[in-house]
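Undergrad: Throw the hints in and build the complete structure from the sequences for me.
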Amino acid sequence: MKKEKQLHKKNNIAALANFFRTDLASVIEMKGADRLDLLNRLSTNAVASLLPQTGAATVLTNEKGRIIDVVQAIHFADRTLGFCSPNNGETVIRWLKKFIIMDDVRISEQTTAFAQFEIHGESIHEQTPIFFDNDTPIVPMFHPREVSIDGNVSCMTFRIPSIKSLGLKIIVSVENVNKVHQYLSEIYPELNDEEYRNMKIMFGMPTFDKELKDAYNPLEAGLLHYVNFKKGCYIGQEVIARLDSYNKVKQRIVGIVCSDPIHEGDVVYADTQNIGNITSVCFDESEQKWFALAYIRTEYAIHDTFVSVQGQQAYISSFPLRSHE
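Heads up, the sequence shown is in my numbering, so the first residue is 1071 and it goes up one at a time.
Worth flagging that the hints you see were computed from the coordinates, not collected in a lab. Fair warning: there could be bad hints in the mix.
To be verified - In silico SDA-like cross-links for lysine to any residue, where the CA-CA straight-line distance does not exceed 20 Å:
#1 K1239 / P1259
#2 K1359 / D1374
#3 K1283 / Y1296
TA: Here's what the structure looks like:
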């Protein structure tokens, strides 16, 4: 039985496409004429000029340029939805409200109003063409579409950064969650929480409160594509601009592979030099290897470099993580 369970896990992760229910991801709703201006003043990307039915991801940063959260902002004519990290909606709302003075902005948490799913894979535009315009996956990132499943279940979809080639988020009202879950489960293997977490590690996707938190800045976390260096000022902008201009990014996320047990928080060494720490770990039963994400000092973040973790030999791998040949 145990061997069958392990095989099931491996087959799920190795499948061409998977789906995962992500209801813990927080959702905030912003209303008022100044909502985009506020978000633009507090985050790294240029979101002030978003048009209705478009969106963008942006990083909320504090005065030191450190990460508060990554927000997927989906903009409509009458409101903007912000999809945040799990259980972090209240923190995001408190931070945004801290800077509202005379602005016309109203913010509320709407997490419990929605059910959320993600699909990741190479073939999702072929397996579920209803989610795409003209059966093509080449759609702008974070641009929402209204879709009807089986003619009677309305949902919103938008493209997201993917663990596997192509990613899609599906948002549905809570009363229709079982219908959408049934629809997806007839097409795709479903990942459980552990499988989803492991797949993110394997493909180098950072996780909130592990790689994404206020100990790190967006450049260290590999979020350069969410930073607009041409926009105006925002909280933390001077710090981030200085790090980029003077090439002072001191650490980066890398993948670590080890044949012996390693754990979150373990120190990574190059010879006797402390060069970083493990932030996320999973064990691959088929390869009998431990795969991990770590923040490593930039000068040591080189693929196929041998390091040690708690006295055990390991090496830095490119993504997706793999055994060293």
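Undergrad: A separate judgement is required for each hint: does it hold in the structure or not?
TA: Going down the list of hints, with the structure as the test:
1. K1239 / P1259: holds (16 Å)
2. K1359 / D1374: The hint holds at about 16 Å.
3. K1283 / Y1296: holds (16 Å)
Going down the numbered hints, you'll see the structure goes against none, and every one checks out.
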